[in-house]
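Trainee: Spelled out, the chains give:
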Amino acid sequence: MTHAYDVSHFFAGLMLVASFALLYQDRLFSVLNIFAAQAILLAIAVGWEAYTQQRPHLFITAALALGLKGIIIPVALHRMIVKLGVHRDIDQVVGVGKTLLIGLALTSLSLLLVLKITTAAESFTREGLALALAIILLGFLMMITRQNAITQIVGFMSLENGLILAATGARGMPLVVEISVAFSVLIALFVFAVFVFRIRERFDSVDIEALDNARGDQS
Amino acid sequence: MTGTGLILLFGQSIQMFLVILLAPAITGIVRQVKARATRRQGAPIIQPYRDLYKLVKKETVVAETASWLFRVAPYAILAFTWVATALVPTFASGLMFNWAADVVALVALLGAARAILALAGMDVGTAFGGIGTSRELMIATLAEPAMLLVALTIALTAGTTRLPEIANFLVSQPMTVRVSLALALVALIIVALAENARIPIDNPATHLELTMVHEAMVLEYSGRHLAMIELAAQLKLVLYIALIVCLFVPFGMAPAQAGPGAWAVGLLVFVAKLVLGAALLGIWEASIAKMRVFRVGEFLGGAFVFAFLAILLAFVTREVMQ
Numbered sequence: 342m343t344h345a346y347d348v349s350h351f352f353a354g355l356m357l358v359a360s361f362a363l364l365y366q367d368r369l370f371s372v373l374n375i376f377a378a379q380a381i382l383l384a385i386a387v388g389w390e391a392y393t394q395q396r397p398h399l400f401i402t403a404a405l406a407l408g409l410k411g412i413i414i415p416v417a418l419h420r421m422i423v424k425l426g427v428h429r430d431i432d433q434v435v436g437v438g439k440t441l442l443i444g445l446a447l448t449s450l451s452l453l454l455v456l457k458i459t460t461a462a463e464s465f466t467r468e469g470l471a472l473a474l475a476i477i478l479l480g481f482l483m484m485i486t487r488q489n490a491i492t493q494i495v496g497f498m499s500l501e502n503g504l505i506l507a508a509t510g511a512r513g514m515p516l517v518v519e520i521s522v523a524f525s526v527l528i529a530l531f532v533f534a535v536f537v538f539r540i541r542e543r544f545d546s547v548d549i550e551a552l553d554n555a556r557g558d559q560s
Numbered sequence: 237m238t239g240t241g242l243i244l245l246f247g248q249s250i251q252m253f254l255v256i257l258l259a260p261a262i263t264g265i266v267r268q269v270k271a272r273a274t275r276r277q278g279a280p281i282i283q284p285y286r287d288l289y290k291l292v293k294k295e296t297v298v299a300e301t302a303s304w305l306f307r308v309a310p311y312a313i314l315a316f317t318w319v320a321t322a323l324v325p326t327f328a329s330g331l332m333f334n335w336a337a338d339v340v341a342l343v344a345l346l347g348a349a350r351a352i353l354a355l356a357g358m359d360v361g362t363a364f365g366g367i368g369t370s371r372e373l374m375i376a377t378l379a380e381p382a383m384l385l386v387a388l389t390i391a392l393t394a395g396t397t398r399l400p401e402i403a404n405f406l407v408s409q410p411m412t413v414r415v416s417l418a419l420a421l422v423a424l425i426i427v428a429l430a431e432n433a434r435i436p437i438d439n440p441a442t443h444l445e446l447t448m449v450h451e452a453m454v455l456e457y458s459g460r461h462l463a464m465i466e467l468a469a470q471l472k473l474v475l476y477i478a479l480i481v482c483l484f485v486p487f488g489m490a491p492a493q494a495g496p497g498a499w500a501v502g503l504l505v506f507v508a509k510l511v512l513g514a515a516l517l518g519i520w521e522a523s524i525a526k527m528r529v530f531r532v533g534e535f536l537g538g539a540f541v542f543a544f545l546a547i548l549l550a551f552v553t554r555e556v557m558q
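Order-wise, the sequence lines are chains A and B.
Following this note's numbering, the numbering of the first sequence begins with 342 at its first residue and continues without gaps.
Following this note's numbering, the numbering of the second sequence begins with 237 at its first residue and continues without gaps.
Simulated from the structure, these hints should not be mistaken for lab results.
Check each hint, because a few of them may be wrong.
As the list claims (entries may be wrong) - So the derived label-pair ranges between C-beta atoms look like this:
no., chain 1, residue 1, chain 2, residue 2, range
1, A, His344, B, Val343, 30 to 38 Å
2, B, Arg272, A, Val416, 34 to 42 Å
3, A, Met484, B, Val407, 41 to 49 Å
4, A, Leu516, B, Ala494, 30 to 38 Å
5, B, Val343, A, Asp367, 31 to 39 Å
Positions of the beta carbon are idealized from the N, C-alpha and C atoms, including for glycine.
Construct all of the structure, not just a fragment, from the sequences and the given hints.
Mentor: If you want it as structure tokens, here you go:
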């Protein structure tokens, strides 16, 4: 029991570290690599849950996470960056130090919150939910602090990694829902891609600040 | 009772003299490994001993503007660092002075040594001393919070801040992966690199005006004063390797009630671990480049983030396991 707990705690904790690395990293290809690493960690974590808790349908979730988010989405984003010719761009981050401090505050908040309100649940669930909420909030933070459309997509996808982690901790999530979530994320990727290329066509840049100007927010 | 007391005192004095005798050799090993990794011949491992001997024999020149503080500082720095190094459990836990081996006390001893060094650096009034001091203190203010967070993480896991008890606790636990300890290890390694002025933060091998930090502070020292400051720096390296070994890989350390037989085994294991740590440091230094001074903040901020995450995860484990 404790050994199984320690290992799942280890992988979930590493996913959280990967979220922080995503916040810190400003080179586009490195961001993609870290995102792929996070998805692979997610697959291992889910696989471990499936193995220790005898819930074989979780293996399908793990395989989906590995295939879609560990391989297909990073490769697709990689190609997109090459095609857009923005691979030398360095993403403008709103002050790395400030972002990381906000990230730490969000993590503490989610841990304190979830541990307070789930005292009745079993340890795996509490653990999974607490870390998953932190990863979700960090994904939001990444989407807020980034200027570049591609890193915003990565922020959204890492948020979804947190959702899957939360879902594996909680019992009773039907497999159908998980599969449909996984595929809707894939479809979201296509929609994002179309948008990014349209933005690029129109403004010669994937910096979304250009959209503010077009909307007339700034004089 | 006095018999055991004498044996414990004997063990403690072995440790005190062992660390100070080994310290130059460890630095020599780091330099040798680094030289070999960059395909150079490198100086022999005993070269630091020769350097110290040469410095002790040489005349000690003191600047005209130096006050008494400048002359006292090397003795005080060496004393503080030596005491701190002697406290860390190396080959055995439960030696004579191990009751005082508290992580917070160690941080305080090293902080006192650093404060004296900073004052001495500014004492003569040269520009280099001032620059070096300001940079060193910037690094210290960034590294110390991370160090204390690492200490608190381990205290939260083991239930105490005293090193021998932490080592005993970790040896008695079954082997397992703990993410909070892994993160604390990463944070402690970054802090150790910063505190020992090793490569991504500062390069101990150069005297390049623009980048030196530690060397700039001690630029005015010569003769036996410089020998003492160098020996203190070498001791500090041993201290950090011993601290990392004690906190994260204490296996092979003789337990509290063991006699001299177990000590001998512990001694061999400890020396092997020190040499391994020094070799790893040499390879690390050869494989990466030094950072700009203004990026040090981000690097050490990373250590702070790791340490903070470590303590959060340790907290989660404790809450959940109850």
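Trainee: A separate judgement is required for each hint: does it hold in the structure or not?
Mentor: Right, here's what the structure says about each hint:
1. A/His344 - B/Val343: 30 to 38 Å: For B/Val343 against A/His344, whose Cβ atoms are near 33 Å apart, the range 30 to 38 Å holds.
2. B/Arg272 - A/Val416: 34 to 42 Å: With Cβ atoms ~40 Å apart, the hint holds.
3. A/Met484 - B/Val407: 41 to 49 Å: Holds: the Cβ-Cβ distance is about 45 Å, inside 41 to 49 Å.
4. A/Leu516 - B/Ala494: 30 to 38 Å: violated, 56 Å
5. B/Val343 - A/Asp367: 31 to 39 Å: holds, 33 Å
Violated hint: 4 only; the structure is consistent with all others.
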